[in-house]
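So the chains spell out like this:
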Amino acid sequence: MVDREAIVNLVRNIKQQALEERDMLINALHQIQNHFGSYIPVEAAKLVAEELNVPESKVYEVLTFYTMFSIKPRGKYVVRVCVNLPCHVTGGRQIIETLKQTLGIDFDQTTSDGLFTLERTSCLGLCGVAPVIMVNDEYYGDLTPKKVKELIESLRARGEGR
Amino acid sequence: MPLTTSTVLICAGGACISSGEASVKEALKKEIRKYGLDEVVRVVETGCMGACSLGPIIVIYPDGVFYQKLTPRAAEKIVQEHLLKGRIVQEYLYKMPTGEVVPEAMDKLPFFAKQVKIATRNVGYIDPSNIEEYIARDGYFALNKVLTQMSPEQVIEEIKRSGLRGRGGAGFPTGLKWELTRKAKGDRKYIVCNADEGDPGAFMDRSILEGDPHTVLEAMVIAGYAIGAHQGYIYVRAEYPLAIERLQIAIAQAKEFGFLGENILGSEFGFDIEIRIGAGAFVCGEETALIASIEGKRGQPRVKPPYPAQSGVWGCPTVINNVETFACVPPIIIKGADWFRSIGTPTSPGTKVFALAGKITNTGLVEVPMGITIKELLYEIGGGSSTGKKIKAVQTGGPSGGCIPSEYFDTPVDYESLQKLGAIMGSGGMIVMDEDDCMVDVARFFLEFTVDESCGKCTPCREGTRQMLKILEKITSGEGSEKDLIELETLGNIIKDTSLCGLGQTAPNPVLSTLRYYRHEYEAHVREKRCPALRCKALVRYVIDPSKCVGCTACARVCPVNAISGELRKVHTIDNDVCVRCGSCIEVCRFGAISKVSP
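Heads up: the protein sequence lines correspond to chains A and B, in order.
Take the first sequence: its position 68, counting from 1, is numbered 68 in our numbering, and each next residue is one higher.
Take the second sequence: its position 357, counting from 1, is numbered 1357 in our numbering, and each next residue is one higher.
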């Protein structure tokens, strides 16, 4: 269940802080997504529309345009793999294969234990240590298939141990 | 208070963080405390020092000793030896290819010594979360000069005379943009900093935001004064959480010190800055799409004109400059337009920050005068190929740019020269590729990117790039024909001419430029069904050399699809119908018996 009051408070808070009144939608969606971990439940999106007085269709339009927003629940760890040329030429292809194999999922899927979601990302600007992945807000560079496997194992151990 | 005897700068750029900066810093601090040195040794986290391939890095002043590739253990040793006993720890110094160790690497290494730093003058030298360190390096002096000694027109004139051009890619004269916006009709005007750096392979804006956020704030206030705006937005990608955090700190400090807000430095002028965070859309780097996104809409571009200078955020005249462009403004104001013009070339004055990535020894960021040749950049500064194989091409300008073949490496790097080669300066990403990289594969790769990132508003870009990708996939899977090459060119030119925004207009560039210089590779794919670089999986087979195979079974054990058969101590064979060409067998074979062939 979505906690109605919490969402309304979040949005009202943003409204109070903003310098301009008209541009709060994306900002609000970011905060709602953080509030729920890594996705935006449809009911919460509806509340945002209500509070900001914009049509639901506009909220939906924005939600589905930007790749960082998700209306589907994501795993505890969102693994974002850079799929750009600097990572590609330095062995990114093997990193992607290893991730898919180790996690047993394809892009935009979540493992059945709810721990990992695998996604593509555009360039992370860490090309100096390519290939690179991002897990939630942390970066991991200079990867090899071996390092990837170790990282996933350690996250798995940490995730299950909660 | 006891005097500080040593200052340890530790690089806290994104790349160093990813390679373990935090644990090195912890070890350093712990060891420093253990020996009671915390009163006399300061540890400062700086922005990116640029030498990403050497991280984690520390530099110890006053002598400027440069230690690289550190671990927590190394940090402990450096505290015990260097800081406590004054003895340099040889094993973590930088070593030249000749084996010679260089303690003061930052002054002496070609990687650093050849650079001229303007936009990145503070990055890696100061603590980005401490405004006083910025002020100590002439920070906010330019703002002071502007507010106390110059009229808005004089500011614009100085920027115009400096010849500064937009560092985001297109190279539009910055002073002219400011002038147009100042003259545009409207009570409200806006300054926008485009920090939606999305070009794959370019990361200078990230580094400036993380390493010297105040320079961007200062320049935005100056621009606001020049055009008559009182509100600015910084539009940052959500993929850069560290940059966002450091900008937030910087904005709060600037407000506290009176550099932002009402009556800045006691003048009549007031200016405020807000951060807007993107949500993962490459097209938002395009200025009209970025404006739509700031307004809280889908980031879709619109037809120009009107340009943002006439109608930008909320329909008001708006200046949009990128991070690196803004970072050049304060030094120009302090040192003057003539000084800036004395660096670089007549049509491209000043410096440019380049991001070296891909198969190059010294990856990272370098700032050099415009007009330097590609060869100097890649070999003298970049240290040449990292794989031991010959560098075949360098890709500039990301998905809007092109590939420059090694025959043209004597070309000077400036806006015009690169354009003549069918590439673009773009935001300054340089992705180096060697003989193992297939140019058709590279072109396909970029097309995949544009198809994914096309916002879908205009048909040429949405449908056209999809068709081009289909053709390229046909070619790389060995089903292409000569007709496809002509089709690619025709389609590419139509998309260039008819797309709505910069994304579509430049999307065919990677294909067209590789067709221009590497047509023979395309022809090998379509005529002989052969991939010369042995990269396109469908055109490559794996074979075992019977004279080298000793039957150790290592390959058969590692193969994920059981494509390899053979008994112990007998020659193995690969079933290419089953093989998925993952390359694990080649990696594991100690006898060099497995190789790729095409066809």
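Take the hints with a grain of salt, since some may be wrong.
[To be verified] Below 25 Å or equal to it, Euclidean Cα-Cα: the simulated BS3-like pairs (lysine-lysine) are:
1. B/Lys1335 - B/Lys1304
2. A/Lys146 - B/Lys1596
3. B/Lys1069 - A/Lys149
4. A/Lys146 - B/Lys1069
[Stated by the list, open to error] Ranges between beta-carbon positions, derived for each pair:
5. A/Asp137 - B/Asp1410: 36 to 46 Å
6. A/Ser57 - B/Ser1595: 51 to 61 Å
7. A/Asn136 - B/Arg1073: 22 to 32 Å
8. A/Asn136 - B/Ser1595: 14 to 24 Å
9. A/Ser154 - B/Gly1036: 32 to 42 Å
10. A/Ala6 - B/Glu1416: 21 to 31 Å
11. B/Ser1129 - A/Glu56: 57 to 67 Å
12. B/Ile1494 - A/Glu153: 18 to 28 Å
13. A/Ser154 - B/Ser1267: 53 to 63 Å
14. B/Gly1036 - A/Asn136: 34 to 44 Å
15. B/Thr1005 - A/Ala157: 35 to 45 Å
16. A/Glu56 - B/Arg1033: 53 to 63 Å
17. A/Glu153 - B/Thr1347: 49 to 59 Å
[Unchecked claim] Here are some of the chain A residues that sit facing chain B, going by a computed Cβ distance under 10 Å:
18. Glu61
19. Ser112
20. Tyr140
Simulated from the structure, these hints should not be mistaken for lab results.
Glycine residues also receive a C-beta, built at the ideal position from the N, C-alpha and C atoms.
Cross-check of the supplied hints:
| no. | hint | verdict |
| --- | --- | --- |
| 1 | B/Lys1335 - B/Lys1304 | violated, 35 Å |
| 2 | A/Lys146 - B/Lys1596 | holds, 23 Å |
| 3 | B/Lys1069 - A/Lys149 | holds, 23 Å |
| 4 | A/Lys146 - B/Lys1069 | holds, 20 Å |
| 5 | A/Asp137 - B/Asp1410: 36 to 46 Å | holds, 43 Å |
| 6 | A/Ser57 - B/Ser1595: 51 to 61 Å | holds, 57 Å |
| 7 | A/Asn136 - B/Arg1073: 22 to 32 Å | holds, 28 Å |
| 8 | A/Asn136 - B/Ser1595: 14 to 24 Å | violated, 41 Å |
| 9 | A/Ser154 - B/Gly1036: 32 to 42 Å | holds, 35 Å |
| 10 | A/Ala6 - B/Glu1416: 21 to 31 Å | violated, 56 Å |
| 11 | B/Ser1129 - A/Glu56: 57 to 67 Å | violated, 41 Å |
| 12 | B/Ile1494 - A/Glu153: 18 to 28 Å | violated, 50 Å |
| 13 | A/Ser154 - B/Ser1267: 53 to 63 Å | holds, 55 Å |
| 14 | B/Gly1036 - A/Asn136: 34 to 44 Å | holds, 38 Å |
| 15 | B/Thr1005 - A/Ala157: 35 to 45 Å | holds, 43 Å |
| 16 | A/Glu56 - B/Arg1033: 53 to 63 Å | holds, 56 Å |
| 17 | A/Glu153 - B/Thr1347: 49 to 59 Å | holds, 55 Å |
| 18 | Glu61 | holds, 6 Å |
| 19 | Ser112 | violated, 21 Å |
| 20 | Tyr140 | holds, 6 Å |
This entry does not satisfy hints 1, 8, 10, 11, 12, 19, going by the numbered hints stated previously.
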